[in-house]
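Asker: If you want the building blocks of each chain, they are given just below.
2 protein chains.
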Amino acid sequence: MKFVIIGGDAAGMSAASRAKRNDPTLEITVLEATGDVSYSACGMPYNIADPAREMDDLVVRTAETFRQKQGIDLRLGHTVTRIDRASKKVLGIKSSGEGFEVSYDKLLIATGARPRKLKVPGEDLPGVLALKSLEDGRAIKRYLSAHNVKSVLIVGMGYIGLEMAEAFHARGLKIDMIKPSQRLLPYLPQEMADVVAAELKEKGVGIHLGQKIVAVKSRDGSLLVSAESEEFAVDLALIGVGIVPNSELAEDAGLELGPAKSIAVDKSLRTTDPEIFSAGDCADAFHILTGKRVWVPLALRANRAGWAVGDNVTGRHVELPGIAGTAVFKVLDLEVARTGLTLEEATRAGFDAVQSTIKSRSRAHAHPGAANIYVNLVAEKNSGRLLGGSIVGKEGAAHRINSLVVALHAGMIVEDFFQSDMAYAPPFSPVWDPLLTAANQLLKQV
Amino acid sequence: MKFVIIGGDAAGMSAASRAKRNDPTLEITVLEATGDVSYSACGMPYNIADPAREMDDLVVRTAETFRQKQGIDLRLGHTVTRIDRASKKVLGIKSSGEGFEVSYDKLLIATGARPRKLKVPGEDLPGVLALKSLEDGRAIKRYLSAHNVKSVLIVGMGYIGLEMAEAFHARGLKIDMIKPSQRLLPYLPQEMADVVAAELKEKGVGIHLGQKIVAVKSRDGSLLVSAESEEFAVDLALIGVGIVPNSELAEDAGLELGPAKSIAVDKSLRTTDPEIFSAGDCADAFHILTGKRVWVPLALRANRAGWAVGDNVTGRHVELPGIAGTAVFKVLDLEVARTGLTLEEATRAGFDAVQSTIKSRSRAHAHPGAANIYVNLVAEKNSGRLLGGSIVGKEGAAHRINSLVVALHAGMIVEDFFQSDMAYAPPFSPVWDPLLTAANQLLKQV
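Sequence order for the protein chains is S and H. Residue 37 in the working numbering sits at position 37 of the first sequence, with consecutive numbering throughout. Residue 205 in the working numbering sits at position 205 of the second sequence, with consecutive numbering throughout.
These are computed hints drawn from the structure, not numbers from a lab. Hints should not be assumed to be uniformly reliable.
When chains are identical, the list treats them as one kind, so a pair holds in a single copy or across two.
[To be verified] Keeping only pairs whose Cα atoms sit at most 20 angstroms apart, straight-line, the calculated SDA-like set for lysine to any residue is:
id: 1; residue 1: K444; residue 2: N22
id: 2; residue 1: K444; residue 2: G315
id: 3; residue 1: K174; residue 2: D124
id: 4; residue 1: K88; residue 2: D136
id: 5; residue 1: K261; residue 2: F286
id: 6; residue 1: K394; residue 2: G369
Modelling step: build the complete structure from the supplied sequences, incorporating the hints.
Answerer: Here is the structure:
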């Protein structure tokens, strides 16, 4: 049997490795448009922060390893342009310009996503850069080393924008950030978003909310970025206004699309063509709380889904229950984590939802180094079922969120969560962990 | 109604505060033998580590605050010597030598625990010290500042012994540790206990396993501690060989005792006399996995149980489901955490149990600062129900354990735990959190 994979990053290579391990006789071809496979994309901001690091240290496994040690026919520089479902073939073009076609028995579309464009004049000028692929990362590093970059405007305040703010701060740049909406991190309660804003301001990052970019111009080797009511003369502009799924191949092949034009898949990762799977940033998922399709393109899901596809093409039937929408990032000295539904999302999904937001400390009474930590929890009124939450703090926010993640997967109610026998020692939390304090406050409302 | 509380630390003062908040008309008398109430006992090793800190900065709320702001009749230096259940009175002696008696409608025994004695000659010599009460902490600090202490022998390698090793290391002392059994931390798989041993050795701590202390002598202002096959000439000996519950008052009053002579209580914290409650380090609890009585004297349970007593004496019926046996401590640069049952404990409790132990990294591929992290998970074969686990690492062990704690309270199976949509960002974990990697390994065995 021939298993063809379009795209050689997290989902694609997880599927290839898993399938080959399950069935060493399986013939696997991976068609990757770029020259890179299997790299830690999420690690790029931290790599960019350090001029001494090579971008290629983010490569987890090289193409040669996949080919020689795992026996996977991995073809770089192979851009697929069409899927012919009738003849079960994919067609495309090599970086040499030559055409190619490959037939498949089972196909995985793992084409990922690409940065969303601003769609303003001047967006393609040198020094206007985005970050998604390893090649994007290299381009940013090259630009930083080739130009005397002293200032940067980050357009967008999502994970990438904020992680890149930390990276540019580490490199000593003057940083401004801008976004069209008035809310910094709309999935955080205002008081928690304010903590993030305060951290950015404290580290000298300018924050400009409620303004769209209208044009970018080149001026004296620098850039002049015009927003609705301000202008920014900067050496580099990083565009981090989200990503869009690379779903055109699937759409052109007549496969059903999901939210935000991602590729719709069932719990076994099959598209509407049972021989064609999709996984990774191009594919959707079910939300464990709403049961609805969502598009949350993140790394763990990509790996998990790729793995499940590897199982499913080799006869092990695997279904993934879905995602909780967990995400975490670090920005300067703060950790920000979320999972499940916010109060707004829960209400919109039809839940009669309530929330509590508390401020506690990261360590015990009088313990040196304690910092503030903020916890928001959301639950369904009456049933008491936990629906989500978020945590912001200088330490302990990232790992703490997973307790709530597990509670969401278990369908736990606030009362039972509050009774959890959580760990306590002075360097790690107050006697009542901040999660328990938040649960206790929430109990008064459910 | 008159609510009398014997013991003014975590459980006692939690009960007093909670009861008074629920019912401001309630007459509450707290009888505390020492001069201290409501302090963070667990913080003592960290306080001792720093000569500049005052021991009293561990006091969370002063006696005056309880008296004047909360209207609690708090009597210090009042040692209760007898409970007369027939006349509903407690009798005792003040530090002045004068007797006293107090009648009660509801009584809480929150007498805590005391250090276990070695029962060897010389144990009461100056410089042979234990750590349980704030007064013990002051005595250690006084001894360190009054004597030229350069070396210490820590007898016992439990939480206190290991936390004190860190404290003494911070003060630059030469440290040896000794215990009778051959296993350093018997609730950890050997390879994880070895990691702790390596950390101790790396920091210059001498480890002596399999040896009992037989005598302590005074010699030239120092101590000579004789073990079975070695002698230690040291300036200070810290005895940390466990604690025993202060349950004699309850036993003398004819109340039923639980494991290790702790005071037996039901889920509403009532002793076998329905008007008498017990909470804190003197009382037992039910284990959520075995349903059996256990004695695990730790701070969160003391606070939680005290609070529940405060509710129950004021007419809110509260039952506590029980404990998972979660514990965490820091030793030098390592975090060590556990919850639930070890493989041995699970097998002894009648479970057909299996385990996995994995080594992973605390941060993503190529992320600076990544360290090893070890995770052990235990589950019931066939059902797949998670039963416990432990984590050791330089970072992320303490908070990670709570995800497993929640899973245990939820009765989760390994498969569902493995599907948890845990958080990922490079500074905090690999894409697959070490907990997920351990769960995946365990899946092969259940």
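Asker: If a hint holds in the structure, say so; if it does not, say that too.
Answerer: Taking the hints in turn, this is what the structure says about them:
Taking identical chains as interchangeable, the C-alpha atoms of K444 and N22 lie at most 20 angstroms apart only when they sit on different chains, with a minimum of 14 angstroms there against 51 angstroms within one chain. With identical chains, the CA atoms of K444 and G315 are at most 20 angstroms apart between copies only, with a shortest distance of 17 angstroms across copies and 49 angstroms within one. For the identical chains of this complex, K174 and D124 are neighbours neither inside a copy (22 angstroms) nor across copies (64 angstroms), given an alpha-carbon limit of 20 angstroms. In this assembly of identical chains, the alpha carbons of K88 and D136 never lie at most 20 angstroms apart, being 33 angstroms within a copy and 78 angstroms across copies at closest.
For the identical chains of this complex, K261 and F286 are intra-copy neighbours only, at 15 angstroms inside a copy versus 52 angstroms across copies, given an alpha-carbon limit of 20 angstroms. For the homomeric pair K394 and G369, the shortest alpha-carbon distances inside one copy (10 angstroms) and between copies (17 angstroms) are both at most 20 angstroms.
Going down the numbered hints, you'll see the structure goes against 3 and 4, while the others check out.
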